[in-house]
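Residue numbers (my numbering), protein chains in the order written: chain A, 13 to 800; chain B, 153 to 396.
These are computed hints drawn from the structure, not numbers from a lab. The reader is advised that the hints may include incorrect statements.
To be verified - Partner residues aside, some chain B positions facing chain A, computed with beta carbon under 10 Å: (1) Thr223; (2) Glu226; (3) Leu228; (4) Phe245; (5) Thr249; (6) Phe254; (7) Leu259; (8) Ile260; (9) Ser262; (10) Ile272; (11) Asp369.
The beta-carbon is built from N, C-alpha and C at its ideal position, and this holds for glycine as well.
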Amino acid sequence: MISHLDRKLWRDLSRLRGQAVAVALVMACGLAMMIMARSLIFSLESTRQEYYEANRFADVFVQLKRAPNSVATRIAELPGVATVQPGLSVLVTLDLQGLDEPASGSVRSLPDFEPPQLNRLFLRSGRWLSPGSRGEVLVSEAFAEANSLVPGDRIAMLLNGKRQQLQIAGLVLSPEIIFESRPGAALPDNRTYGTFWMPYKELARAFDLDGGFNQLALTLAPGAAERPVISEIDHLLTPYGGRGAFGRADHPSHIRVSDEIRVLETISVGFPLVFLSVAAFMINAVLSRLLALQREQIAILKAFGFTNRQIVVHYLKFAFVMVTGGTMLGAIGGVFLGHRLVLMYHRFFRFPELAFHPNRTAFPLALLVCIAAAFIGVFGAVRRAAKLPPAEAMRPEPPANYRPALIERTGIGHFLSHTFRIAVRNIERRPAQALFTVAGLALATGILIVPNCFRDGVAEILDFQWDIIQRQDVGVGLVEPSSVQVQHLLQHLPGAVRVEPFRQAFVRISYGRQRRQLGIQGLPANSLHNRVLDEHSHPIQLPAQGLVVSAKLADVLGAHLGDLLTVEVLEGKRLTQTVPLVGLAEDFAGMAAYMDMHAVNRLLGEGDVITGANFRIDPARRGEFLRALKQIPRINWVAIKESLRENFRQTTAASIGLIQIIYMVFAIVVAFGVVYNNARISLAERARELATLRVIGFSRREVGTVLVTELVILALLAVPFGLLIGTGFAKAILRAVNTETVRLPLILTTSNYSFAVLVVAVASTVSALVVLRMLNHLDLIGALKAPE
Amino acid sequence: MTETIAPAEPATPVFRVRGLTKVYGLGTAEVHALAGVDLDLYAGELIVLLGPSGSGKTTLLNNLGGLDVPTAGELLYKGLDLTVADESELTRFRRDTVGFIFQFYNLIPSLTARENVGLITEIAADPLPPETALQMVNLGERLDHFPAQLSGGEQQRVAIARAIAKRPQVLLCDEPTGALDVRTGIVVLEAIQRVNQELGSLTVIITHNAVMADMADRVVYFSDGRVHHVQVNTTRAPASSLRW
Chain A
13 MISHLDRKLW
23 RDLSRLRGQA
33 VAVALVMACG
43 LAMMIMARSL
53 IFSLESTRQE
63 YYEANRFADV
73 FVQLKRAPNS
83 VATRIAELPG
93 VATVQPGLSV
103 LVTLDLQGLD
113 EPASGSVRSL
123 PDFEPPQLNR
133 LFLRSGRWLS
143 PGSRGEVLVS
153 EAFAEANSLV
163 PGDRIAMLLN
173 GKRQQLQIAG
183 LVLSPEIIFE
193 SRPGAALPDN
203 RTYGTFWMPY
213 KELARAFDLD
223 GGFNQLALTL
233 APGAAERPVI
243 SEIDHLLTPY
253 GGRGAFGRAD
263 HPSHIRVSDE
273 IRVLETISVG
283 FPLVFLSVAA
293 FMINAVLSRL
303 LALQREQIAI
313 LKAFGFTNRQ
323 IVVHYLKFAF
333 VMVTGGTMLG
343 AIGGVFLGHR
353 LVLMYHRFFR
363 FPELAFHPNR
373 TAFPLALLVC
383 IAAAFIGVFG
393 AVRRAAKLPP
403 AEAMRPEPPA
413 NYRPALIERT
423 GIGHFLSHTF
433 RIAVRNIERR
443 PAQALFTVAG
453 LALATGILIV
463 PNCFRDGVAE
473 ILDFQWDIIQ
483 RQDVGVGLVE
493 PSSVQVQHLL
503 QHLPGAVRVE
513 PFRQAFVRIS
523 YGRQRRQLGI
533 QGLPANSLHN
543 RVLDEHSHPI
553 QLPAQGLVVS
563 AKLADVLGAH
573 LGDLLTVEVL
583 EGKRLTQTVP
593 LVGLAEDFAG
603 MAAYMDMHAV
613 NRLLGEGDVI
623 TGANFRIDPA
633 RRGEFLRALK
643 QIPRINWVAI
653 KESLRENFRQ
663 TTAASIGLIQ
673 IIYMVFAIVV
683 AFGVVYNNAR
693 ISLAERAREL
703 ATLRVIGFSR
713 REVGTVLVTE
723 LVILALLAVP
733 FGLLIGTGFA
743 KAILRAVNTE
753 TVRLPLILTT
763 SNYSFAVLVV
773 AVASTVSALV
783 VLRMLNHLDL
793 IGALKAPE
Chain B
153 MTETIAPAEP
163 ATPVFRVRGL
173 TKVYGLGTAE
183 VHALAGVDLD
193 LYAGELIVLL
203 GPSGSGKTTL
213 LNNLGGLDVP
223 TAGELLYKGL
233 DLTVADESEL
243 TRFRRDTVGF
253 IFQFYNLIPS
263 LTARENVGLI
273 TEIAADPLPP
283 ETALQMVNLG
293 ERLDHFPAQL
303 SGGEQQRVAI
313 ARAIAKRPQV
323 LLCDEPTGAL
333 DVRTGIVVLE
343 AIQRVNQELG
353 SLTVIITHNA
363 VMADMADRVV
373 YFSDGRVHHV
383 QVNTTRAPAS
393 SLRW
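Put together the whole structure using the sequences plus the hints.
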């Protein structure tokens, strides 16, 4: 049996359903975002963890030139090392039918007669390699899909300069390449780069590496620290051309998934916080209004003997109905969006199975957060009402105290119309309420800025940065460092308009306790192709000495301009030097270090050597150029700008686009919710006054003006703050989502700001129209009776 | 029984009311607030409507003032048929012709006394200056006080000033002294009487207070939604002489 007080609750609610729904919707937006993000974090983390455990993902990785297998045994005996998995990894050139450009890949060895100890594969389709087989290969699923390859197909590969036809036995996944991209490349291109697995014996024979290994992975013993083990390994492997061991934190695929999780963590906190604050403001406004209206009812309830507690609980229930509605909507929305976004992750991340796992703790957490927001929103108002002595509450509220508004006291009062005076005095009389309204509106305006910032950032990368940073059409990497003569050979490729060589070397850069391994790019001092730009998009001229690094890398290292960085070369003569940091480059993907090409060669202690070249080509002869490239055996990889851009468009940009749309919809919902709620409250509070104006002869339009003037003044106050707040949000969120793998530039355009203003303006207009329509149903006669 | 009594001199009535009916609700819930009212009201008259609660006084006043439209019957203001007037015609009628005074003053709390009156002068065709209107109700001072700073009687006098500032043809007062003590009530009635005399507005006052009948030209007694009878006073008592 429902109590009479609860029955009253339902009737009050149904009377205020427009506002209750607005509050619940705003709340639902925040919660949906939180539940979606927390569940995605949970899905990614738990799936990755299970995958790592089931397939024995290693803790430390190292690549080297070549070492005999006995060295692996010595490493296995190092303190802190649990299991060691040595193997081979070689770069190969592929010849794919139907693909103009050369493709490349990495072929890794699998033990001949047993499954590997570490980094085990997952068979997606087809079959494993038959023991002792020849001419068979396993292919990474991402590459196979991008090139429509299925088990049973044949693929041509240049193994150590010898062309071989291999049959695809199966398509596989590896915990090492959840995110697959060419080593050193900032962006993936699954069409032209793939990973393959062959039996150790066959691969070793083809490359004359029998009895040795050139890569090794290991797991640490429980409780063992990573750094000392890495130092030991580096020490042991230096004579064998070790390229520096690194832990999971430097593993490209691992970083990529961790970065995504970090982005989600930002989203799961920042956005819901803003949305729920807005919801708290709104609940407070709705409830304060209701309580003011029900002043006499409260007095009567108290006169009949209801306790303050019962009354407080009664009105809190009111808030909790909205909270429950918001939480349920938010949960449904969050789970739905989570399912959509998980599908999107399939484009980037290859897991045996990435299913959406709702994070169960997110739901009670969401409810709790919302209840807290509602509680903060209503408690003060409810307590004030409950504290009123019954006799006082039963008397109608005396006319409110007013005084001339600040703007009138400046002396321009004479020029103001009465409607304007009513509006400004109303605002000034309740500064707290006006402040809340302005704050809510400003937040709603602010969150409209962020999604378009994402969109504009992506557009900036795709349309602008890409072209001004990378002016080359094609980049080509050689199998090994070659003399400058090769450059002349490249120059004569058909269709090549301009060639610029580069020297890339694998190094470890450290500053203080921080270090990162990456490829250093040696470019001609005035590179026209691959340009290095500062934060104002001006080209940085590479000096004869010194290092220019990605601003993000300097940030990660904690280094500033002028600091001396230690650069350890991890190949060739393996020299170590300190080099001053002379410039910060704004780039959008990966982390890079740039140096003058001759300086790199000096750093390496080598003569004039190049490892690749960037080309500008004649678009009409593109096909001819690429086919010619395919015939050059020394070419290791080819990066075609348009392919990378297209890939970026379809993956990173598309996912950012999806998130942007979700945010935008939510932000618009909030903007409408806040404005509508505000207009409704204004109308309810002023019904009597407005009805009086109608009775004494004001037309609907004139009375509407009184109401709308106040809304417009508040909106005009809120919008500039909102734009400022939005700029702050955008900065904070972009800083948080900018990772070592992909970064968005902060682009604030007039059109972004205009759009935010436009949405608020449209929301205000629509809300005003709704309220003006309600004004037509104003009870004129009722207003003449005793005040409510 | 219903009867219509015209004043001594034959003239065209300002309001002509015939068979006026107002029904609220439907079916079994039907309430006949007005059950066939016949009445003529003339320019410059001061009319007092007396009758028990629910007898239809306020409904008649609302219909006369263009706040409500009747269900059936005839309601003419100087040839304007208020039964068929649309929303904007009613607004214009109220704006140009009618001054309202309510039991609870209904002032705009955010405007001062002067501004509450000034509000009307913004929309009326030939208004009195706010100061003059306030002077007429003996509120020459305290012009720049807000309603919250005024006593009940002062607030009601501001309301009267607001109603008369447009020089209304018709002044409709619904229990104008209902919320006031005797002394303040008499001050307010004096103001109404003065306006009636000086501006010549047809004035209709609803009250429960039979004493006020003495200040009227005619007293209309209401019961059960009809005019029960009309009493014509040969002399009007000044408001200042009333006591209750």
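Cross-check of the supplied hints:
1. Thr223: At 15 Å from the nearest chain A Cβ, B:Thr223 fails the 10 Å test, so the hint is violated.
2. Glu226: violated, 21 Å
3. Leu228: violated, 20 Å
4. Phe245: holds, 8 Å
5. Thr249: holds, 9 Å
6. Phe254: With a closest approach of 5 Å, the B:Phe254 hint holds.
7. Leu259: With a minimum Cβ separation of about 7 Å from chain A (threshold 10 Å), the hint on B:Leu259 holds.
8. Ile260: At 6 Å from the nearest chain A Cβ, B:Ile260 passes the 10 Å test, so the hint holds.
9. Ser262: holds, 4 Å
10. Ile272: Holds, because the Cβ-Cβ distance from B:Ile272 to chain A comes to roughly 7 Å (cut-off 10 Å).
11. Asp369: Check failed: Cβ of B:Asp369 comes no nearer than 25 Å to chain A, outside 10 Å.
Hints 1, 2, 3 and 11, counting from the list given before, are not met by this structure.
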